[in-house]
Structure formats: structure tokens, C-alpha cells
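Engineer: Going down the list, the protein sequences come from chains A and B.
Residue numbers are given in the numbering used here: position 105 of the first sequence equals residue 105, and the series is strictly consecutive.
Residue numbers are given in the numbering used here: position 64 of the second sequence equals residue 64, and the series is strictly consecutive.
Derived by calculation from the structure, the hints in this document are not laboratory data.
In this text, all values refer to a predicted model and were calculated from it rather than measured experimentally.
Warning: the hint list may mix true and false statements.
Claimed, not checked - Which bits of chain B does chain A cover? Going by a derived footprint, with three or more residues having C-beta under 8 Å, they are:
hint, segment
1, 37-44
2, 216-229
Said to hold, decoys possible - The calculated lysine to aspartate or glutamate pairs, modelled on EDC-like cross-linking and capped at a C-alpha distance of 16 Å, are:
hint, chain 1, residue 1, chain 2, residue 2
3, A, K134, B, D49
4, A, K60, B, E195
5, B, K42, A, E118
6, B, K213, B, D49
7, B, K157, A, E118
8, A, K60, B, D192
9, B, K8, A, D164
10, B, K34, A, E44
11, A, K134, B, D153
12, A, K60, B, E197
13, B, K128, B, D50
14, B, K34, A, D50
Every residue, glycine too, gets a C-beta built ideally from N, C-alpha and C.
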Amino acid sequence: MAETLTQQQPRTTSTLNEMHPAMQSLSLAVRILLGVIFLVSGAEKLGALDTFAHAIANYKIIPFALANIFAVLVVWTEIAIAVLLISGAAVRGTALVTGTLLTVFLIAILTAMARGLEIDCGCFNPAAGVEPEKVGWPKVFEDLALLAGAVFLIYFPKSPLTIDRLLRRQGEEGEKG
Amino acid sequence: MNQSPLRKALKEARTVVLIGILLAISFNLFASSKVPWIRTTKSVDTISDDALFNDVDTTTIDQPIDTVPAVDSGMSAEELEKHRIDSIKKEEQRVQDSIKNEKKRIQDSTEKAEKANDISNIPVDGAKGITTEQAKKLLDMKAALFIDARRSDQFGKGHIPGALNIYAYEFQDNIGKVAGLPKNKRIVVYCDGGECELSHDLADDLAKFGFTKVVIYTGGWEEWSKTDYPKSTGE
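For reference, chain B alone in the conformation it holds in the complex:
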């Protein structure tokens, strides 16, 4: 018996969909790259105030050490001259040490940037979350560097003042920018908040890059924009 073309097509379509479903179920049961059946928002524990604010570091530059000894008013002209030469030599030594340290720091950063090209296998502990109040306090204290993980156009429409924009999907493009960030400073990453996962992705990438003081502002721009806290627009 001949089937009508439409009926035959519908029957074939049903078979195609069934094949797709069977392949999907088989893959997600046995493949190593399977995903959880139910997608959940990435939840993080909130960091305590003690842990967050006790290791606050508001400096980013090494402070110069005063290596010049005090001048004794009873010194002779010869002693004063010797003292002046000693001071100059010590200052020269300090500057050279400082340059050497800076060169080493840049070299380390470059090596880490190169290693970051293959960051997929490095295990990472999840970053902790912070609340809107904690974020505001860190901003007021200038104790953290804020990084907005959203796209540049969203960043341009509004962001936390002083925040840097590194779109999580373009982390590899921003490795140069990341290498120049201070390691001793607290870093706060945020995105839209709610179900937005960009901040989590960026925090993972930063942790793989060697940044250990990364926290996620889970409320994100959605919560910040509802407050009367300062906001910036543009680049």
C-alpha cells in the first residue's frame, strides 16, 4: 500500500528525532565529556568579613627603604664627603636591586602568560563570593581591583567605578592585561549576577593564572545598579 508523501515524511521525521534522542541519551550516559542533565547555577560560599578584610593590601608598589644613615652634626668635612659617597653608592645599589627585582617579576609574569596557553589541566579551587556590602567596603577602602567579566558594550553602559573590563570569553586575548595585574591585591570579579556565569569562568581562569586572592561578587551589576552606590559609564 502506498503512503501519502506527507504521512511518509512525518514518519521519517519522527524517526530522525528518535535517532537524535537516542544518540543524545547514549552520549550523555557514557561519554567522558557529558554534562549534567539538570543545569544548576554555580553557587559559591560567601567569604567572612574577617577573611576578606584582614589581609587587605592597599599598596601596589614596593615602598623605597630609607638606607641613608642620619648625618651626625659633629662630622668633619672629609667624613661628610665619605658619608655622601656611601649614601650615593647605597642608593645606586638599591635602584639596581629594584630594577633586577622588577625584571624578574616581568620575566615570571611572561612565563606564566606563556604557560596560560595550556591552562585547561590545572586544577582550581572555586573562588568564594562576596556580598554587595562587602564589595562596597572594598571599593571605599580601595582594597581591591574590580574586574567586570561582561562584554564591553554592557560594561560601557554601566559598571562599578574603577573596574577593569575583561570579557570572560576573551580571556586569552587579554593575557597581556592580566599579566600586569598585581598578585598581592584582592581581585573582585563580577558580571550580571543571578544566573550569569561569566564571573565564575573568569575567576577560574584567573586562579589558573596564579591569582589566589580572587572573590566573586555574586550579586553582580544587577544588584549594584539597584543601589545608590557610585556607578560609572563608558570605557
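This is chain A alone, in the form it adopts within the complex:
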């Protein structure tokens, strides 16, 4: 059994290495899109951490006292995700964290809707004078679309213009030299 698993591993890796160019381009587009969305979202929240913590507290899912810690962690995880996705480093692992984060958001939105809470979603920090986005079905579908992107990246992480590829190429050239 163990021998069978060992034999299967190289085939999986090989399949991923041989991704169709169109899929690689799509992977690049999804990676950049998700990266930019998370960068904007994280940067905006960073400028108004208290407001974001306020929004988290309104969901009444985690203890009120932990809302600030959770806010800081989420914001910086979003920024880390954005930088890694845009640069193309550790794409599959980053996509896994992105998917987990989006699933948590999705559960939070759905439970808030189920409890009849008409609260600000805390998704982006709105500009002055702009009404914050509320939890609701549009937010659920938005989150599902992003989640689909993250799942796609878990299965198809290879794409051009990545730090991973650049480092690998440099390594290969180093070995040849």
C-alpha cells in the first residue's frame, strides 16, 4: 500500500507541471485578481482598525474582548496573502489560507443573516460619506466567487511570472554552471 502511494506521487506532481498554457494564464489572472482584492481590503482596514474591530464585534460570534486581536490578525493575514499571491510565492499554500479565511467570512455572514442581524459586513473600509456594505445575499455570492478562485488556485497553482518559478530557474542555471 505504502509502495503504491509512493509510486503515485511523482505522477501527480508531473500532471501539475504539465498544466495547459491557457490554464496557466487563467491561474495568473485569478492569482493577481485575488491578490489585488486582498491588498485593497487589507490596506483599507489597516487605516481604520478600530472600525473593523467594531464590525467584527457586531457579528457576535467571538467574545467582544477578542475583537481587536482578531481584527489585527485578519488584516495582516490578508496583506500577507496579497503580497504572496501577487508575487507568486507559495501559491498553493497561500490559496489554502485564502480559502480558509473566505470560508470563515462566509460562515460569519450566513450566521448573521440567520440571526437577522443587519450589520455592516466589515469587508472594506468605506470612504467618508459612503454607506458601509451590509451582510446579505450579494455578499454571500461575492464571497463564493472569491472562494471559487482560491479553490481553483489550490488545484492549479502553476502560472507564469512567479517568484517560485524564478527561483527554480536560477537554481537550475546554478546547477548547470
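Model the placement of chain B on the given structure of chain A, informed by the hints.
Structural biologist: Frame of chain A; chain B shown alone:
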């Protein structure tokens, strides 16, 4: 040795989370815009009855001053006519003064409204809190203007009678409404009560705008709705 893709992905994910945690800790230790690690409810001291009710002002309009002197029954027709003209002139002067004062008040309000666009750097002392009983007494005495800091849909479902609705997150949109509020009247702001922070945010904004007689009804709608005190619905 080749790692399985899943194991590699989990390892990468763990690294991403660790990077996030490290960045978060570093930021919250050293950045100027850091937040407290533990979030606490904004507590306020309750104002005493003496301080709350001693400076009650139930008027919002300047009372006209009686400037016409009493008519002496022994006056001649000529004196009566002169007296009538004097009275008219004085009344005209009073009306003109009143218009001038009102214009000045509106101009001051407008200037303050303009200044309010940059209110972030003005230091503010926290407003004091009031109890449900104190709020009810102020309502009965018509001695305060109540402002509901919740969203309009929550306000529509139920609010304290006569309350104005200014959603704390939309303060900038309501500056026109705020500029028209009487400065000499006590203002009571409230939201849901408990951990709701909208009333605190609104009280801070009002204080920055020059309203000095703002108090927070900390029990908020949660406590008021449990009493048999009057309630209103709709806009």
C-alpha cells in the same frame, strides 16, 4: 525527497499564517495606530441628578422682550401719537436686532459645519452617562433632545418618542441637520445599549462640533424597550 503536494501546501499555509501573526504582533507593538489587545466596552461615569437637572433649559427660541412702555391714560393726542411712533420704531429695532442675531447664529453654525470637515484632531472630553430613569425624566420635562445613533431601519422599528435619527457612521452626511440643533439644550444620545458603541462615537462627534451638553443614555434601546415607557415607530 519529494513531498506530497498536500503536505507541501499545508506547510506553506502554516508559513503564511505565521507571517501574518508576526506582522500583526510587530505592527501592534510599534505602530502609532495600534489598537489595545483586549477590546473593552466604553464605560462612562453617570451624571448626578443635580448636574443633569439644574441647568435644564426647556426653551429653544429667544423670548421677545416687551419694549413698549405702558400708556399713561392722562396723555394728550399728540403725546399718544408720539408714543405710538416710538413704540413702532422700537419694535422695528427689536426685529432688526433679532434678524441680525439670527444671521450671525446661522453664519457661526455654517463656519462650524465647515470646520467639522476636519474634526479629527480636536481633543474631546468624554460625555457622561445617564440612567433609564433620568432619561425618562428628561423626556417628561421636554428638557432634552434625544438622538438615536442607530441605523434608520432599526430606528424605524422602534425609538424613544421625539428622537431624531443620526446614524453615527453617517455623521458627515448629517452635518446640515446637526448645525441646526440648539446648543443650549441638553442632548441625549443612545443606541442599542450594552456593547453598542454608536452612541459614544456620535457623542464624540457632537462634542467636536461644539455641543457641550451631550450625555449618553447607556442602557439604550435595549433597556428602554423593556420598560412600559412610551415608544414610537416609523420615521
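Engineer: Please list, smallest to largest, the hint numbers that this structure does not respect.
Structural biologist: Checked against the structure, the hints that fail are numbers 2, 3 and 5, while the rest are satisfied.
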